[in-house]
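A.B. asks: Next come the chains, spelled out residue by residue.
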Amino acid sequence: MQMSATYANFDLRQIPVLLRGHPESLDAWAQRWETKRVLLYVVVIVVGTGVYGAAMGCWRAPLQAIYTGIKFPLIVLLTTLGNAFLNGMLAPLLGLNLSFRQSSVAILMSFTIAAAILGAFSPLIFFLVWNAPPLSSRAAMSSATYQFILLSHVALIAFAGVTANVRLVQLLQRLSGSGILARKILFAWLAGNLFLGSQLSWNLRPFVGSPNLPLEFLRPNPFQGNFYESVVQAARHLLFP
Amino acid sequence: MNDTKATPPVLPTAPPSEMTKLPLGTNPDEQAAIPGLVAAIEALLRQPRRVLFQLRRPESGTLIGAMLFATLLCSLIYGLIVGTFSGREQLWAAPAKIALGLFISALICLPSLYIFSCLTGAEARLADVCGLVAGMLTLMTVLLIGFAPVAWVFSQSTDSVAAMGAFHLVFWLISTYFGVRFLCHGFVHLGARSGGGLKVWIIIFLLVTLQMTTALRPIVDKADTFLPTEKKFFVSHWAECLRK
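The listed protein sequences correspond, in order, to chains U and V.
So the first sequence is residues 1 to 241, counted in this note's numbering.
So the second sequence is residues 1 to 244, counted in this note's numbering.
Since the hints were made in silico from the structure, they are not lab data.
Beta carbons: idealized from backbone N, C-alpha and C, even for Gly.
There may be inaccurate statements among the hints.
[What the hints assert, rightly or not] So these bits of chain V aren't anywhere near chain U, every CB distance computed over 12 Å:
no. : residue
1   : Gln47
2   : Phe69
3   : Leu72
4   : Gly87
5   : Phe147
6   : Asp159
7   : Tyr177
8   : Asp221
[As the list claims (entries may be wrong)] To give an idea of the chain V side of the interface with chain U (calculated C-beta under 7 Å), a few residues:
no. : residue
9   : Ala106
10  : Ile108
11  : Ile115
12  : Leu119
13  : Ala215
So that you can see chain V by itself, here it is in the shape it has in the complex:
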């Protein structure tokens, strides 16, 4: 037992805060390719710098595709959990609306993110920005999957649409925080000089996603029509929900 000379683990040469400032690819592990869906999710959670490095390579298309597929899959699964609150047709409508809403929100906000990235001085190609957004969406939806069991327990224990909506909103905001953090790290490595534009974009993205929940309502509750017949802004819709 004592004669085994196990090699001690390699310690990082710099503290984590310093590591984030080092150029991407400094650590040889970051240069390892990311094969497939599971590896992409694992890398996003454990080695975000590896993902950021791979996204800058010319062959990043496969990784972006894998992350987008993971986003679709995870958002459909989380949507199914959301749909269990009302059951019936919401079991397919909620996943469809959540996946659709997420992708449309990202598409709407993508051009302005690219413009903001240029204005902040980041040397980002459109493909780089697409990759960062794909990473952000994947991280968000993977985290939502982590919240799914909690959400399911609550959806089976309450009859209040407003309470359930509030829970989902909290989970969504926590997931968005981590997704946005990944995005910001990405822009730092792309040479963004200031974060002001990016902060404005984050607010725009949040507003668009929140409005999307109203534009595609009902997501938690059941309704006679797939889409609403009346146009509303999310604040007034939420106020009405709370009054009910």
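Just chain U, same shape as in the assembly:
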């Protein structure tokens, strides 16, 4: 298995090694920035999350599938880019002397794992949507179908995220030699990525698409309000109707 560390930079056979979490290979790949390898990760993220996004959007309409197929990879890539400096600084501040590039590669690796899992599950989502009544119909909105499909998305995305982060914490543990430090860095990175990622997903909405609203790439007011304001408002409506 030592050969897995020596795969050519743009070799798809690296992805199964990433998924298996082979420690020596992951260690070697995280140590050095290699443009072709990073490009491979970006391609896997674009394809994996793009296909999953298309499966998510196709329930509303084929055009929504294309839109979501473009927007889903954008969220992942923009989150990585937007937090690259912050994440690069947090690791050394918390005690792990990783360079900016090394931390970016480590985060990209975890997103690649999540994207590969989501891409592999997208045929199942397509099948699920194909078997569901159209989103525009009363049956889809009133029945348990709508909830079931939403729950399937939540479960799959959570599974992909958890798996990717388990691999990332294993890598950090190996690089730092400390489990506590690895979890601290992971928590810091996760907090930053969740904070930015949820706001980006708010800006780039809709993803599934509502049958009562027109089909569009972005809502007319993508930069009006934010994710957290809407959560607070929703909570206020719930508590003080």
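The hints should help you fit chain V onto chain U, whose structure is shown.
C.D. replies: For chain V alone, kept in the frame of chain U given last:
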């Protein structure tokens, strides 16, 4: 009569439970190539370790092709038996739907199986996973052929669609159990460290195949259209069938 010195049969060096743990190819018989369709089916039933060993070889493509052809053939034959319940156009529609449904289900679930195999730490190539799925499908459909005479007798003796559907479902589940068992053995030999992911996949595969029976309905009963006009989940469809 007494002067014949027959050579006693060679006994296995380890009990069957231990044999499954030995590396593939330990027994020289497992290294013998599997020529053709009948040999592939026989090996799946009698020497699954031989099939698993052959699937890991670079020239496994022919074996996979043979097993897929056997799956197609067996599913068409079993489909014909299913179609005899309603007769007429179901004689060709049921075989087509069963074969199509089986292959589409396998294709839908293949990428997630590969991902799960990687997550469990199995050193499996995509070709290995394809081979194991082909073996699983072949074993399932060959077993269905074994159930075919029983299914035919019942289909000629009852008018109840729900009862006939239930019989087919039981046969299907028994066949799936043996197919999945072959798949799990294969992953053990590929170095899978845990079976959790594989168990989740088995549930997904079962759900997809069960939903496929509803997506491609009617398979047992007759209908005006080849495919249904209304989308339903299999649980609600079955509940309706039982109410009828």
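A.B. asks: Hint by hint, which ones does this structure get wrong, listed from lowest number up?
C.D. replies: 9
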